Each structure stands twice: as structure tokens, then as C-alpha cells.
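Colleague: Since the structure of chain A is provided, determine the placement of chains B and C on it from the hints.
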Amino acid sequence: MDSKLADTAGIAAAEEAPPPARAWPAIRRFFAAPSALVGALGLVAIIAVAVFAPLLAPQDPYDLMQLDIMDSRLPPGSESFAGLPYHLGTDGQGRDILSGIMYGLRTSLIVGLASAIVAALIGTTAGLMAAYLGGRAETAVMRLVDLQLSFPTILMALMVLAILGNGVANVVLAIIVAEWATYARTARGTALVEREKEYIEAARCLRIPGHRVLLRHMLPNCLAPIIVIATMQVARAIGLEATLSFLGLGASVTQPSLGMLIANGYQYLLSGLYWISFYPGIALLLTIVSINLVGDRLRDVLNPRRAR
Amino acid sequence: MITTLIRRAIQAGFVIFAMTLIVFLGVNVIGNPVDILINPDLNQAERLRVIQNLGLDQPLWRQYLGFLHGLAQGNFGDSFVYGRPALQVIAERLPATLELALCAMVIAIVIGLPLGLYAGLYPERISSRLIMTGSILGFSLPTFWVGLMFILLFAVQLGWLPSNGRGETAEFLGAKWSFLTRDGLAHLVLPALNLALFKTSLILRLTRAGVQEVVLQDFVKFARAKGLRESRIVLVHILKNLMIPVITIIGLEFGSLIAFSVVTESIFGWPGMGKLIIDSINLLDRPVIVAYLMMMVVLFVSLNFVIDICYTLLDPRVRLDGKG
Amino acid sequence: MTALLDVRGLVTAFPGPEGDLRAVDEVSFQLARGEVLGLVGESGSGKSVTGFSIMGLVDPPGRVAAGQILFDGADLAQADADTRRSLRGRRIAMVFQDPMMTLNPVLRIGTQMTEALHAHVQISRQEARARARDALGLVGIPSPEERLDGYPHEFSGGMRQRVAIAIALLHRPDLIIADEPTTALDVTIQAQILSEFQKLTEEQGTAVIWITHDLAIVSGLADRIAVMYGGRIVETGGIEEVLRAPRHPYTRGLIRSVPSENTRGTRLAQIPGVTPSLGRMPAGCAFRSRCGRADAACAARPGRFGSLGAYHRCFHPHEETLA
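Chains A, B and C are the protein sequences, given in the same order.
Residue numbering for the first sequence follows my numbering, beginning at 1 and increasing consecutively.
Residue numbering for the second sequence follows my numbering, beginning at 1001 and increasing consecutively.
Residue numbering for the third sequence follows my numbering, beginning at 2001 and increasing consecutively.
Bound-form chain A, shown alone:
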């Protein structure tokens, strides 16, 4: 009798303390794949570089006073007029490429994060509301989602930029417009599965207010897939921003993103000055690959169907 009681108590204790018990194995499983470890380390390094750019960069590329036109178009490994090394060379205005990359990362990451987060918020809300409300509202939202998803993202972005004009803020807006539908579809999909379950029915019968059902029950269940999509979407947004900047539709010349840096080097490419475009491109590639590796692994770990 005593032992049975102890057993029950043990079970209860185990049930009360699930977060650390469940989170730790998930984290361990996440890092079990070497690719995830590489991706996570890379991502941490990239974010650190972006955050501490003012401390790490040899030069403030936005400060025109620090630029010396005499130093323009120097190959990697050259020294500045003042004797400082340019590890990755300089661009047409004598700007240090390495510093440009560090500062450019900031713009790219901010644009990527901001657009992915806002798109996730809008999309998830729309998807959840659609699933919860059902009926005409649902049909209307999902029709819009289907319509949007049948157009490629770049076309949606071009449409927004064509109407609103160029600029960083408009690029962010364009990416949001282009990407929110993906979240909406996912959120609705998972919420629909949840909606059919009995406890939602029970909650409704108990006249628990709608927003509580939504926030307490439906939202947590679609969080995992949304996080996975959002991770991947940050990479896509960074790539899209770079592309739009390259096309001359995006970031301002004074605060260049990686895409702008690459575009700046385009004109020098044909004369063989490869480093102006090459190194920012490598930085962009590493950023996107790191995020994708992390996202890939997140999907494997968070998806219960794939987990072993």
C-alpha cells in the first residue's frame, strides 16, 4: 500500500515538472546531428559579429571621414595609406570590405528578422482566426492565402515595390506581404486538427471565452511548426532582401546590406576585381546556410512524426 502511494506520488511529481524534463532531451537531440551543431555555432558567430560590429570592425564604413579615396579598390591583404591592413580588400570608395560585411550583416539580419517576425504574427493570427471562426471568414482568408501562394514571392515583392516605391522599409513590407500566407496556411492547418478535438468542444460548452481557447489551446499547438517555418523564412527573407537590394530596389546607399555590397562590386567584376562582390557573397551564403541547417534540424526535432 505504501509503495503504491509512493508510486503515485512519483508519477504526480514527474507530471508536474515536465518542462526541464522534456526540454533537455530535445536540446540534446537537436545537437545530436553534427550539421545542427555547425549551423548553430555558425549562427551564434554571425549574430555576435553583427551585434559587436562597432567593436570588431577595423573601420566604420558609414563614417565618410574614415574613408580614403586613395585606398579604393585595393586587393585583399593590402595595407591602407595609413598602414592598417585591409584583410579582404577595399571597394570603389576605399571602404574596408571586412568592415562593410560586418555592418552589412546588421542590416541584413534586422531586415530578415523583422520581416519574418511580423509576417509570422500576421499570418499566424489570420490562420488561427480563420480556423477558430470557420464559415465565411475562413473561406475568405484561405482564398486569399491560396491566391497569394500561387504567385512567386519575388513577383509579390515586385508588385509591392512597384506601387510603393523603393526603400528598406518598403522591402520589409514587401517581404511580409509575400510571406504571411505561408504562416497562415500552417497555423490554420494545425489549428484545424486541434479544433476537431473534444477538449475544444468542451471548452466551448463551458463558455470559456474564445480568446482563451485560441491562446491557451490552439496557439501552443501550432507554435512548433510556426517556429520551424519562421527560422527558414528568416533565411529566405535575407536572401530576398539581398536580391531586391541587388536589383537596386532596396536598402539605402548609406547603410548597405550584404546585397548592396554585392551589387556595388558588380561593376568592378568585369575588370577582375572579384573581392568586392565575392566576400560579401560568402558572408551571405554562410548566414543562409547556418540558418537553414538550424531550421532543418528544428523541423526534425519538433516534428513528432519524424522524431524517433
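Do not rely on the hints blindly, as some may be mistaken.
Here are the in silico distance ranges between beta carbons for each label pair [stated by the list, open to error]:
#1 A:Ile27 <-> B:Ile1136: 19 to 29 Å
#2 A:Ala26 <-> B:Asn1075: 55 to 65 Å
#3 B:Leu1130 <-> C:Gln2078: 33 to 43 Å
#4 C:Gly2150 <-> B:Gln1212: 24 to 34 Å
#5 A:Leu37 <-> B:Arg1125: 33 to 43 Å
#6 A:Leu286 <-> B:Arg1084: 45 to 55 Å
#7 A:Ile27 <-> B:Tyr1122: 29 to 39 Å
Source of the hints: derived by calculation from the structure; they are not laboratory data.
Computed from a predicted structure; not experimentally measured.
Cβ atoms here follow ideal geometry from the backbone N, Cα and C, with glycine treated the same way.
Modeller: Quick look at chains B and C alone, frame taken from chain A:
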């Protein structure tokens, strides 16, 4: 079958109608219609006259009807830059873009499909893993940057291939094509490869996933039990089942290729619609922008429509559903 | 007279996290020409894998790890891939469990039949089509000529299984392995298919391995029976003898769990517990964890008691006949 067709056609028509509304509202409400439709170089008196001519003093709904009327006749106004009807300017660029997109699609299929088939059939082999790693790279590499690196490597360093323009063209079916001349073909290689990069990875991964699903099916085992040769099992039994999803994707992605050719055309100076729209956005050539957007809308809606029909023709099971 | 099929010590293994798992564990049996063997067992007992091992269609990474499969005197386990392929469908055919899944949904029935002919014999398209049409007629499909142009989804489950049987019979094989071909069908259709299958194989003198979990089917169909549990044949013999006087407690349990007129009104006996998964089979006699007669002796692996044609693997066999 016929009813499904008609229903789909009505849906497609509705979508196009909705998009005209969005573009019209975008241009006339969010943007300033005076800016968008009138050449900014005109003086005040001329402006007023043009505003009246264009009916911009009319109520919005009447303007919209006018917009639709022009649309039905393919009349988007004259390009500010070229001084000719916007649609005509775009139509002249269409063959170049189509040629580029088609070539990229062919490359993506010719490379992606066999590699995906191979990686799906023999997932354990090292070569398959290499293929899959390569495809991840294909997804992650920013297309425009790869384009630049192509130019750097093949045009600047090695000097093998040209990097700008269409080269020599030859006339065929009333349009100019690059692939008919040696020089044109050389100009086509780099842009087509560049545009194909992402789609190759996509087709490869989809094919592989499809193969891995199909090989587990009982009918593949039954085909083996019949004593069929492996080649027939792969090329007929497995491939034919794959064709449905793959063709759907190819169809859908063809539209996206045309959209993404914007980037490739800008890099390689390929004189297609994509380069035109970027130039037009930068030069504020609004009639061309509106015409391009509406053309894309029509293109994508019809593409989806055609894919639906192909899908029905390919999959005997869907055909039955359509009848019932 | 030599047996058509002589399986000796067949082991089919799948690699597991802790070494190989033996889905088929030293299975031996013989089959004469024209004979029908009922291979009975629960799901997971290894009966289907035995069938696929004979066909040479074990899904990798599984493989035939040991033993001989002598077909007409030649060892299939040692044969090269091309030899095996040329036997498949021509001399050894197979019918699968789920007729909804065995036919390729995007190929016409005619194509799926004629390709089976072209795989083994050099004949013209017209001749192949004619033979396919005749085969469809043989299995009782009305207006076979038109049906050749149909797709599988236009056929009912029973009709599809008839098509599969027609394909299996195309080359008048010496042996057909039937892997629960009626389980997925309605009961009335089951009976039809069963009787036609029986008629056709009898007429053509085809030997049959009928894989099933349903003793009732086997009792009316088979000449001999082999009962599998945990990858091993625990008992085999003539159908009448085994059903009348099962020696192995598992066979006995199986028979008693089938409702019949004799048992009406009484409680059906059931075998306690569930079949352990492959990795958790007890050492020694695999059935001892569920057996009422098990004792310390059963920790050793039971050998074959009896002749190759009629044996059991139990240290404490039942001697009495069933009531």
C-alpha cells in the same frame, strides 16, 4: 470533366477580376495616380489637361470601369520611356524571357530528374549523399551571387563564354531567338544555368522524395514478382507514378522561373521582360509596370488552370472523380 | 520423386540496433508438385517474409542469411539476380494481400498483364494481348476485351484480386505463393475467389503456398499445414492429422480460438498475452512466455521432433486428440 473545366475557368476569371481590383486600387489609392499615369516632366497646364483626358477627375468606380475597358483592349497607355504602347514594349521582350525560362526548365529537368531518381533509388550510396548535399547548396546559394560568380569564372577568368546580352539572334515564327545561332547559344548558357540552379535542386529533391515513397508501394513489389526487368520497373512503374507530382511542379515553377528571370536578366543584361520591369521601376515608367503586373497575373492564373487540366489528364483517378 | 520446393534451414535476417533480428529462423519444409501448403501464423510470425524469401524479394536491408531454397533441385539462395528474375512470374508467381495496392494505379490493366508476358517470352503484341484477355476470362472477369483498357481504380477489390491471380497464372507457374489474398475482401467475395483459385490451381497442377492467419481457410484448402511462431515453424504435418491432434500448445491454442459448431455456447479459448516483438522473443522456445506447459526445459531451443514432413518443436507436446 466538362463541369470541372467550366468551374475552374470561372474561378480563374474571378481571380483575374480580383487582381485587376487590387492593382487598380494599389495604383490609384495607395500610390498617387497622377504620379503613376502622367509623365512627371509635364508642366501644370499640361498636367491638368492630361488629368481630364485620362478621366482622373471622375469618381473612382468610373475610373475603374475605364481601366477595365482599356484592359480588355490590351491598352495600358504609352510607355513614358519608349513612347509606344506599354503592352507592345513588353510583348517585344517576351520571346527573350520565354527562351531563357524554357532553357532553364529543360536544364533543371534534365539534371534534376535523373539525379533525384538515382538518389531516391540508392539513398545509402555516398554518391547519393553528395547529390543531396549539393542540392542543399543549390537551395541556399543566392542566385544573383552565383550569377556574378559565373561571370567572374567563365567570362572574366577563363574567358570561355560571353556574359552580356543575347548575342546573335535568328528569326523564327516572327520572333528573334538566340538558341538558333552559335553565338546566341553561347550567350544563353550562363544565364540559363544560373536561372536553373534553384529549380534543379527543387526538382531533384521532389523526385527523390517521390521515388522513396513509390518504391515502398506494393505494386512495385508486385512488378518485381512478375519478373520484370529493373529498368522497366524504374522507367515505367516508378517514373509514371512520379510524373503527376513532378509535372505539376514543373508547370507551377515555370511561372516562377519567368518571375525570377528578373534577377538573372539583370545580371546578364538579357533583354527580356524581367530586365524591362526593373528598368521601368527604376525609371518610373508606370504604364509598363501596370501592364507587366497584369500580364503576370493573367499568366499565373492561366498556368494554374492549364496545370489543373494536365493533372486531370495524367491521373486516371482524378478523371473519374471529375465525372462523378 | 524429388520435391518441387525444398527449403532447408532458411534464415532471413534484418539488421537491428543490437545485431541481426531473425524474422525467419531455421525454417525447413518441403512441397511436392501440385501440393497445397497452408502456412499459418499471426502477423509478425515470419510467414510473409518466408514467402518473400522464396521469391527473392526481401526488402533490403533484410537478407537471406543462411539455408537453402531448393527449387526443382537448384538452390535459389545461391542463384544470381538474373536467374531469379527469370524464375519470378514464370515458374514461381505470387499473389499479394491487398488488391488495392498491388496494381499500378496509372497503368492500364492490359499493360500490366502483357508486360508480365513480354518479360519472359518473345511474342507479338497481339498475341500477348490475346493471352492476357484469355487469362482475364479464365478468372471470371466479364467482357475481358474491354477490361484490358481499364485502369485499376475502375475495378472492385474482388475484381482486382482476380486480375492479380490472372497475372500470376499467365505463365502456368509450378508454384504460386498466395500471401493472404482473400483477407482484404468481403466474405462472399472471399469464398468465390477461394473456390476459383482452388479450381484453377488444381486444373493446372500448380503447387501453392497459402499464407494466412485463418485456419478455417487452410482446413478446406490445404493438403498440409505449417504453423509459424516467432519466425520458426513450430508444427507441420498433414492437414487432417494436425487439426485432429495438434501437438504444439500454440497450434492447439490457435485451433481452439476458432469458433465452430462444436464450441457453440462455450467460452472461446484464447492464447494469453500478445506476440512479443522480434527483438524481445525469449531465448529457447519462443512461445514459452505465453505457454501453460512451459518449464525450465523450455529455456533450451527445441529441435525438430519427428520427420521432415511432419514434426513439431515442443518439449512437452500434447498427445491427445482435440475433442
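Colleague: Which constraints among the numbered hints does this structure fail? Numbers only, ascending.
Modeller: 5
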